[in-house]
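Colleague: Read off the chains here:
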Amino acid sequence: MEQLRLVIAENSALTPWVYRLVLEGERKETLRPGQFVELALPGRFLRRPISLCDWDANHLTLIYKVVGQGTDQLSRMRPGHSLDVLAGLGNGYDTACTGAHPLLVGGGVGIPPLYGLCKQLISENKEVTVILGFNTKDEIFYVNEFEALGARLRLTTADGSAGQKGFVTDALAGIEASHLCACGPMPMLRALNRATDLPGQFSLEERMGCGFGACMGCSIPTREGQKRVCKDGPVFRREVLLWEN
Amino acid sequence: MGKLSVNLCGIELDNPIIPASGVFGYGREFAALYDLDILGSFSFKGTTLHPREGNPTPRIAECPAGMLNAVGLQNPGVAAVIARELPEIAKIFHKPVMANVSGFSLEEYAETCAALDAQDQVGWLEVNISCPNVHQGGMSFGTEPESAAAVVKAVKAVAKKPVLVKLTPNVTDIAAVAKAAEDAGADGLSLINTVLAMRIDPRTRRPVLANGTGGLSGPAVLPIAVRMVYQVYEAVSIPIVGMGGVSCARDVIELMLAGATAVEVGAANLTDPFVCPKIIKELPKIMEEYRIESLAEIIGGAH
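These protein sequences, in sequence, are chains S and H.
Under the working numbering, the first residue of the first sequence is numbered 1, with each subsequent residue one higher.
Under the working numbering, the first residue of the second sequence is numbered 1, with each subsequent residue one higher.
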């Protein structure tokens, strides 16, 4: 973890509610796909945890959805403003155990961390299949970006307005994969757990206090006892999670 | 004796800054960021006799100038704290540490305190009779002078180390509870714990926290803490550890003028993990600004 002062280089709408935020500035520590950052916003007491989508030597790309007052405030901040950022939070996905044919499944605003993951897996010469699920075509983002990375892509919308009609689980048929990496709303993760036997890693979301493991604000029960989503996660191996909850 | 040093129940602190229990875990996360030995001390995560998983999530909510938590005393139990956590603390912190203890009966308080009291690295027992986030025990001991006194007597009967009693602000007359604790033998008091609070999500029409209520902390509660430390200072003669919404050196001065001998820093650690080193660095400058020669001399200076 490191505390950074980064400047907004871009903050643009990808859909009416989803924004891409590009932050610019120096940092020291290496980052892993599936990690997140915490942004301090003027006048808001708690930081906002946002998953890391992409990065290079001096940029971080975050994609976030406007869900409340804090993210609404963030969406109105213009390039040139600087933000206090805690970066390098959470464990991230383990790419060493994915095998040669990883399957990535993302729903809605759970999709962004899978982009950085996809990029890394492809750089490791793995054949990546991606299923992206949205509610409707107006909410679609980053489909072209995943294709540009060289991933095999399946798209679903709940209302059938684009891609295959249905949920991400309806697009699993015929995919031969060695491993599953998923991120999305809990009902989607549960449905995936029921629909496939693949070994996998699931990224969870929880309301957080600190974001770096100190306050136990985001602890959840698991098969290995209480785990902090912010520090022990947000990515958990499938067999660690208590799916009946 | 340095100009930042204070004496808390016979133990000299290099400075009055103590991260509060519940925001600092066992220090590991912060030791990765800075040298913990710059602190006066720290109060580790509240310990109970038996392991506790705590409350379901969401445990955290936000409000203007603060936050609510309902963690519910998640901890591995005193045996695991002594076997696993204290040896780890010994590697990263080389001063007396404060052991925060909660219980659900007088016997539990006494047993947990006796076990921690026997550990060399423990300097003080901070007996929490004020947790608002558990459904039995916890705060109920701290809301009546008689039950507060009963806990203090049970703990004092087994403890050799100084016993600080952590008080709840969720009472009509905090001075009465403070006095009862002093009369029962408490060596010091720490206040305030969090203020009982609630937020409701208009979308779901239900409380945000799974526990319903939670404890409010952060800058929003600083004036309540200042008022209560001031009132308690008038009522007792034992030292007070002040806390509640402290986020800068100026807040430390304010609580010490109200009557605090040392100051715990809570929620601010969660939003700025470097807040304690910043405060310790700021203190000499603020002292110069207000012409304070040594911190020890301003304790209770507002009276």
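No lab work stands behind these hints: they were computed from the structure.
Please read all numbers here as calculations on a predicted model, not as lab measurements.
A couple of the hints might just be wrong.
Said to hold, decoys possible - Taking lysine-lysine pairs in the DSBU-like style, the calculated list, with each CA pair at most 30 Å apart, reads:
1. 156(H) - 28(S)
2. 227(S) - 156(H)
3. 278(H) - 153(H)
4. 179(H) - 160(H)
5. 179(H) - 156(H)
6. 28(S) - 153(H)
7. 281(H) - 91(H)
8. 278(H) - 28(S)
9. 95(H) - 281(H)
10. 153(H) - 91(H)
11. 28(S) - 137(S)
12. 227(S) - 165(S)
Colleague: Take the hints in turn and mark each one as holding or not.
Modeller: Results of checking the hints against the structure:
no.	hint	result
1	156(H) - 28(S)	50 Å, violated
2	227(S) - 156(H)	35 Å, violated
3	278(H) - 153(H)	38 Å, violated
4	179(H) - 160(H)	21 Å, holds
5	179(H) - 156(H)	16 Å, holds
6	28(S) - 153(H)	53 Å, violated
7	281(H) - 91(H)	24 Å, holds
8	278(H) - 28(S)	22 Å, holds
9	95(H) - 281(H)	19 Å, holds
10	153(H) - 91(H)	33 Å, violated
11	28(S) - 137(S)	39 Å, violated
12	227(S) - 165(S)	36 Å, violated
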